[in-house]
Amino acid sequence: MGKRGQKQGIHSQVTRKKIFRIFLIQAAIAVFVSGGLLLIDIVTAYSTLLGAALYLIPNLYFANRALKSRPGQSPNTALVELYASEIWKMGISIVAFAAVFILVEPLSPFSLFVTFILMQISGWIAQMNLNNRFLKL
Amino acid sequence: MEQSLVYLAAALMMGLSAIGAAVGIGMLGGKFLEGAARQPELVPLLRSQFFIVMGLVDAVPMIGVGLGMYLLFAV
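Just so you know, the sequences run in chain order A and B.
Using this note's numbering, the first residue of the first sequence is number 56, and each one after it goes up by one.
Using this note's numbering, the first residue of the second sequence is number 5, and each one after it goes up by one.
Check each hint, because a few of them may be wrong.
Stretch by stretch, here's where chain A covers chain B in the computed footprint (C-beta under 8 angstroms, at least three residues) [what the hints assert, rightly or not]:
1. 9 to 17
2. 33 to 47
3. 52 to 61
Listed next, the stretches of chain A that the computed footprint assigns to chain B, with coverage defined by at least 3 CB atoms under 8 angstroms from CB atoms of chain B [to be verified]:
4. 128 to 137
5. 148 to 159
6. 163 to 175
These are calculated hints, taken from the structure and not from any lab test.
A virtual CB, placed ideally from N, CA and C, is assigned to each residue, including glycine.
Generate coordinates for the entire structure from the input sequences, incorporating the hints supplied.
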């Protein structure tokens, strides 16, 4: 393994660790909010939790696969791996959404989608603050 | 008739989302390869940036897919 390969591995590992920390914080906030909603309405509470899970599960898979340390990987192979993980992420999302809408009854779609959209927005903001070098190029 | 309109709405929502995501991710991949060809030493950095921007590009199509699934299975 060359020096360049080692550097590539370290960079991916650092980013991966930061991204996982963001997901952990998002999951903790979702569980906390869901626990609060449990006092008001149980359907809203588990719909909120499901919305968070629908965001977190595919994204965890995507981050785990796309940022896996592979020192010395060529750009073409890296791109193929990123595309493959994105396609799997979309597939997992579609299956998870379908499963939730078929299996979970009753469901509060409003709280599910609001949580899902808020998780997406907080993910954007956190990830852009984490590494905003591309904004300065 | 109403049910067919719901299916049509879901199909449009998911299809247009897919077109948007495909264009965005395709451009992103092209730029990634361009950058990697210019400066191969920046590949690790470009990979992390690619990951972050891909998250931004596919967020709205994901919401579209979610709403489409809701229309298909829950309405």
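Going through the hints against the structure:
no., hint, verdict
1, 9 to 17, "violated (count 0)"
2, 33 to 47, "holds (count 8)"
3, 52 to 61, "holds (count 9)"
4, 128 to 137, "holds (count 6)"
5, 148 to 159, "holds (count 6)"
6, 163 to 175, "holds (count 5)"
Checked against the numbered hints listed earlier, the structure breaks hint 1 alone; every other hint is satisfied.
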